[in-house]
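Read off the chains here:
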Amino acid sequence: MKEIRLHGRGGMGTVKAAEIIVNAKVIAGGYGNSIPFFGFERQGAPVTSFVRLDEKPIRPKTQVYSPDCVIVLDPTLRKAVDVFEGLKDGGCLIINAEPGSTIESLDLVPSVGSVAMVDATGLAIRRLGKPITNTAMLGAFIKGTGWVDLDAVAAKVEEFWGKANADLLREAYDATVVLQLR
Amino acid sequence: MSEIAVMNGNFAAATAARLARPEVIAAYPITPQTPVVEYLTQFAAEGNLGSKMSEVESEHSAMSILSGASMAGARCYTATSSQGLALMYEPYFRASTLRLPIVMNIVNREMISPQSVWGGPQDSLTLRDAGWLQIYVEDNQEILDTTIQAFRIAEDQRVLLPINVCYDGFYLSHMTERVEVPTQAQVDGFLPPYIAKHQILDPARPMAIDPLTSGYLVMEYRKKHMAAQAAALGVLAEVDREYESLTGRSWGGAIASYRMEDAEYAVVTMGSVTGACREMIDEKRSRGIRVGLVKIRCLRPFPREAVMRALSTVKGFGVIDRNVSFGWNHGIVYQEVKAALYGADRIVPSVPFIGGLGGEDITMDLVSTACDTMIEAVDAGKTIHEAVWLWSPRKGVKL
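The listed protein sequences correspond, in order, to chains A and B.
So the number in this note's numbering is just where the residue sits in the first sequence, counting from 1, plus 299.
So the number in this note's numbering is just where the residue sits in the second sequence, counting from 1, plus 22.
No lab work stands behind these hints, which were simulated from the structure alone.
Because the structure is a prediction, the values reported are computed rather than measured.
Worth double-checking, as some hints may not be accurate.
Here are some chain A residues pointing at chain B (derived, C-beta under 8 Å) [unchecked claim]: (1) Val325; (2) Ala327; (3) Gly331; (4) Ser333; (5) Phe337; (6) Lys355; (7) Ser404.
For glycine and all other residues, C-beta sits at the position ideal for the given N, C-alpha and C.
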């Protein structure tokens with residue numbers, strides 16, 4: 300089983316992105332669940348969502364505490380939330396990184412085994428005119444992990460939000476830089 | 023034939039309601055039930071819901087409208103949570119004592135105060151003695167399947183009682199997972215239209231319903247109501263078997279046991295914590311610990327004999343409650359299970375646990391610790407009378 304934690308802000312579509320990952324896994328014949336953590340949420344406040352993916356039915360309906368992968372939809376969240384909390388050793392970080400970011404500038408912790416980064420905010424503003432980064436970050440997630448299929452996610456994204464978002468997804472997938480750290 | 027879909031618990035409930043073709047729906051939105059109402063109005067707007075949908079100004083009105091509609095012979099559906107259920111209390115009780123087979127999902131939410139919108143079945147459990155049937159479920163597939171079955175159980179002439187299918191707020195209502203959805207034709211074959219026979223509001227045939235009634239007759243009504251509750255256990259089992267032949271899925275009836283065959287110890291659960299406990303049981307078993315699980319599905323009627331039988335051979339058990347019974351210093355399900363065991367051949371040690379109030383997570387670590395605590399007490403031959411609290415380590419002030 301793969302466990303994923305998504306960090307976003309209210310209004311970025313964090314919960315919906317988690318649901319799309321589950322959709323893509325189920326379409327491929329697998330199983331998944333996603334549970335949003337609802338805090339005192341409002342626009343702009345930190346939002347967390349949890350995803351589990353497996354080839355067999357998933358029984359726990361609990362939050363995720365030791366993720367295999369963490370997805371960070373907004374680079375400024377690093378100042379507000381410990382996004383690495385509980386990350387498994389060798390775990391994967393999918394991060395919305397400002398242009399010019401490097402491994403050094405990302406200020407990682409030793410448990411991170413690989414990084415997939417993309418300037419999701421910049422891409423989203425160019426394609427959508429607003430910094431809604433969930434679809435771009437789905438592209439980075441697929442490139443960084445390969446756990447779900449790009450075409451399946453693209454179809455679901457287009458169904459929910461239209462072609463511009465599906466194009467953004469594919470552009471972000473192509474633009475994502477994946478670095479193996481060990 | 024059935025379709026494989028991905029949906030949250032609220033969508034599963036709304037989909038089940040749509041497939042059951044209720045003639046009247048009346049509902050008022052309240053977190054975390056709100057999306058159920060949104061989905062149903064969306065179905066109506068798309069032309070996919072044949073029901074008369076009444077947008078009411080309160081839950082009290084919702085249940086009152088459905089009571090009238092049910093008396094006029096309509097199949098009825100609604101859903102609510104916590105404070106909405108509390109506001110509905112007056113017509114809630116009357117719907118059951120009038121023997122109206124209304125189906126209502128309760129999206130379990132903690133009762134305030136302090137102010138909380140998050141999960142916990144305190145709302146419906148507190149009303150366990152108001153005469154409704156109550157079933158509690160563990161995942162989204164079970165929400166969908168059980169809500170469809172609920173119409174059959176409630177409307178059965180041997181039962182004729184309203185029914186709640188209860189599921190944990192957020193942990194199920196907002197959790198998205200794979201769900202198999204039966205076709206409309208399958209559901210139509212399983213669930214024929216409701217035809218009211220006992221009381222009918224019809225201007226062509228005037229009938230007095232619910233006149234001032236003497237205590238002697240009130241006692242007779244209550245005795246028959248209790249008999250109908252008892253009959254519901256058999257109907258629930260029948261309906262489960264028939265649904266299994268249709269879809270391949272059985273939920274076990276009033277209780278569901280897991281790895282209890284040779285179990286020395288048992289953990290008793292209800293609701294969405296059950297899945298984590300199944301996982302925990304497998305882990306303990308892999309280390310040679312003979313522990314099993316008993317999930318309570320049907321709380322009303324309480325399956326006294328089934329619970330007694332399931333726990334008859336263990337050395338002891340623990341019960342995980344996501345609620346409190348004030349004055350008992352433990353949870354409600356523990357109290358119910360203990361009462362059922364009074365007629366057993368022997369009294370075994372037991373441990374009550376309370377956790378997960380107000381949406382707190384009952385983690386894998388917590389259910390594992392609960393199991394270890396229970397085994398330790400049972401091996402020492404000791405019943406713990408006051409609840410052991412399952413605190414998550416991450417935050418909060420312990421009082």
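So, going through the hints one by one against the coordinates:
no. : hint   : verdict
1   : Val325 : holds, 5 Å
2   : Ala327 : violated, 11 Å
3   : Gly331 : holds, 7 Å
4   : Ser333 : holds, 5 Å
5   : Phe337 : holds, 6 Å
6   : Lys355 : violated, 11 Å
7   : Ser404 : violated, 30 Å
Consistency with the previously given hints fails for numbers 2, 6, 7, ordered from lowest to highest.
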